[in-house]
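A.B. asks: The numbering used here puts the first residue of the sequence shown at 2, with every later residue one more than the last.
I should point out that these hints are in silico values taken from the structure, not numbers from a laboratory. Don't take every hint at face value.
Claimed, not checked - DEER-style ranges, computed between Cβ atoms: (1) F73 - V138: 30 to 40 Å; (2) K159 - A114: 29 to 39 Å; (3) R52 - H116: 16 to 26 Å; (4) I118 - R147: 31 to 41 Å; (5) G120 - E49: 41 to 51 Å; (6) R171 - L144: 16 to 26 Å; (7) K39 - G120: 17 to 27 Å; (8) H47 - M2: 40 to 50 Å.
Where is the CB? At the ideal position from N, CA and C, for every residue including glycine.
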Amino acid sequence: MPTRVFDLIMAVVLATLSVAVIRLRPHAERALPRGQTKVRELVDAHGERYRYRVPLGRGTLYSAGVGFLSSFLGIGGGVIHVPLMAGALGFPTHIATATSHFVLVFMSGTASATHLIGGTLTVGHGLRRAIALSIGVLPGAQLGARLSRRFTGPTIRKFLGVALLGLAVRLLVAAL
């Protein structure tokens, strides 16, 4: 796919996600998901209790779609997963972001191993870039987790929405 076409598609996807994330109502204001759900209750390390319902079938279907779309676009699925989990599946924002990070550990590890075994991630430039990104992700994820405790779910979603919109604008400018 030509880079300009890819940038345009990616800009549209990110702008759409940005609007969806910013407009998302807080977890407590939304109706419970329809269909067969599984009740989840979680108490985090700081004693905060989260109780929510998860529609497992719809979640599985969405995850398959996220896997396809993120592979097609060559991105981590977090920018798609978090809005889906928080919006369509009813996860509290803090749980959606933590779950997304957990899933991405396995997805990115599997993708990296696949590229390494397949020979598309060579010892040269590609491998150095992957190692550099991995080194940056470790402290970045810890810092992000600590900072997220200081913000409410709606504030975190607004930060994510603005960041996605900024990236969409950058890609749109590059495509034109």
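A.B. asks: Determine for every hint whether it applies to the structure shown.
C.D. replies: Hint-by-hint comparison with the structure:
no.	hint	in the structure
1	F73 - V138: 30 to 40 Å	22 Å, violated
2	K159 - A114: 29 to 39 Å	35 Å, holds
3	R52 - H116: 16 to 26 Å	40 Å, violated
4	I118 - R147: 31 to 41 Å	35 Å, holds
5	G120 - E49: 41 to 51 Å	46 Å, holds
6	R171 - L144: 16 to 26 Å	23 Å, holds
7	K39 - G120: 17 to 27 Å	41 Å, violated
8	H47 - M2: 40 to 50 Å	45 Å, holds
Hints 1, 3, 7 from the list above are not met by this structure, while the remaining hints are.
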